[in-house]
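**Student:** Chain residues, written in single-letter form:
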Amino acid sequence: MNKKRLRIILLAGGTVLIILGSALDEAASVYAKAARICLECIGIG
Amino acid sequence: MNRKLVQYISALLSNANLNGFLSGRIYQGASKHVCVPGLNCYSCPAAIGACPLGSLQTILASSQYTISYYVTGTLLLFGVFMGRFICGWLCPFGLIQELLNKLPSLTLIIPRWAGYIKYLILIIFVLLLPVFFVNSLGMGDPSFCKYICPAGTLEGGIPLLASHQDLRDAAGSLFLIKLLILIMVVIFSVISFRPFCKIICPLGAIYGLFNPISMYRFQVDPVKCIGCGTCAQNCKMGVAMYKEPDSWECIRCGDCRTGCPAGAITTTFQIGNEPIKNTN
Ligand code: SF4
Ligand code: SF4
Ligand code: SF4
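Residue numbers (this note's numbering), protein chains in the order written: chain A, 8 to 52; chain B, -9 to 270.
Bound conformation, chain B alone (with noise of 0.2 Å):
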């Protein structure tokens, strides 16, 4: 199956209200009590559907509520079924970094431990500061909406001051900082292979949490594999497939398994723990 394809389909899935970027008008059908699997901006005016990250933040962040189990349980159903499948084929803000990284440009490797900071900013932003962090009536904000998250201010922020004026007036140092972190996701999107994913996204680390147990996932055959590490060397990832391949930072894509010498990676979607078929 051809990955940039099911990408372009998805991202076009996501946001089918494509008319909301003349109109400048939100989405107000029914499909936005449902979350899409990716990060897809719940505020972009194609979107028609709910961005899970922005849910769970909002639910976390009122008065009303002390834990999202609508959110929860989907963000569960996603992760057991697909785990970062979701971010390999499916999320819209995936594919933007990795068209930005197709311009001639530098290479900049990120090193493997920047991915533990995406952990950080999933507990500080994501869990903590909106259930504690709270005003008089009790209710906390979605922060890394608020402070951080680039795709709100690409696929929302922008369409939407651009068509009303009264948002362009409203706009100030809240603004500036994150088209600034908008600005430096771009400019590092074209010289390293998708660094939001990498470093930044608490729903790429969410969904990670799930690679090892999920029902799709890669298997290395251990008496096919002749141990070269092209697998290594072709990741963009930065993940050995042949020693991890459960590793939190795999995205699926699927370019160890083509590239394999001995066609020795597979892929299965099963519940349970079949052994790997040795078809020699």
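Just chain A, same shape as in the assembly (with noise of 0.2 Å):
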């Protein structure tokens, strides 16, 4: 497959499961993780 080709279809991609992902509440749980201490991230947890 042309490089072109490629980058247009990963790029519709990218932007269709960024809308899928919010659909499913996705960028809500990141936010609950990223919002609060993450105690793995600060070697607690």
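It is worth saying that the hints were derived from the structure and are not from the lab.
These figures come from a predicted structure and were not determined experimentally.
Some clues are possibly wrong.
As the list claims (entries may be wrong) - Lysine-lysine pairs mimicking PhoX-like chemistry, simulated, CA-CA at most 25 Å apart: (1) B:K226 x B:K214; (2) B:K92 x A:K10; (3) B:K214 x B:K233; (4) B:K92 x B:K226; (5) B:K(-6) x B:K92; (6) A:K11 x B:K233.
Two chains, two frames, some hints: make the complex.
**Tutor:** What follows is the structure, given as structure tokens:
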């Protein structure tokens, strides 16, 4: 497959995945983790 | 463009809540829904965005999801636009290692094969353990964050433990292991260039895969190139630009380009593959 076509497919795919993930509330899950102290990150959990 | 300046601005933009260091509290604004491109711990009190690597593991480890569409999509877009330009120009943890490397010291050369270790770490600690090493509720751990990540220890662990007695009381052997890893990364960063990026970082491993197809990339004009190898000598990541412009290890820092005596190396940002213009 030529690289131009691959880039277009990946850009479109990435955008679709972000929309799909947001619809499944994944962004909220990311926020829930990022807005509290992550015990694993700091070496306690 | 001055790369150092861009690195400082990016580190500051990712960590704009400087007040958090004084209050010891994590930023809770809406921007934490969104991943920043580089490795920047969301448990850093100054961080205003989410770490893409931590977010990926969190979603994979939860019992609710089997794949992370949101974070995978974000990484795809970052990768296709920029590849490892993110490492060279935008990642705060890359900047920290570069600053440490400015200290006078012996020089340790890291062999190229060591670069494959980060792909093993990506597969085991980021993709497999969070999904398959689960408790009775079906929940796993963000294993790279938990057992390895020195960025988490430096940016989150140290400032938060410094300001919270209860967290200091809770710190045990896991914290000591992570602290030891951080100390090793600091020492090796003084004596070699970006050892964490070269050997360990799963995020750099992911972005490296995009280098051959990213819209921002380097090109070597075969007509102008005299094959002198100056680019390879100037590269602190061990890349021979004139032979492998799409190398997974290239962080697009541009040192090879500015040092090329023939002016054969150019950058491009495009969706198609236009042939290199010969300006002679
Ligand atoms: S511990 Fe490391 S990988 Fe995990 S969220 Fe923090 S910086 Fe990201
Ligand atoms: S390899 Fe990892 S730590 Fe290094 S610059 Fe890239 S994302 Fe940042
Ligand atoms: S090949 Fe050039 S742009 Fe890539 S890391 Fe080496 S010096 Fe930097």
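**Student:** Determine for every hint whether it applies to the structure shown.
**Tutor:** Evaluation of the provided hints:
1. For the proposed pair B:K226 and B:K214, the alpha carbon gap of about 23 Å is at most 25 Å, so the pair holds.
2. Restraint check for B:K92 and A:K10: the C-alpha separation of about 38 Å exceeds 25 Å, so the hint is violated.
3. Note on B:K214 and B:K233: the hinted pairing holds, with a Cα-Cα distance of about 14 Å set against a maximum of 25 Å.
4. Between B:K92 and B:K226 the alpha-carbon distance is near 13 Å, which keeps this suggested pair within the 25 Å criterion.
5. Distance restraint check for B:K(-6) and B:K92: the Cα-Cα separation of roughly 13 Å lies within the 25 Å cut-off, and the hinted pair is therefore satisfied.
6. Distance check on the hinted pair: A:K11 and B:K233 sit about 22 Å apart at the alpha-carbon level, within 25 Å; holds.
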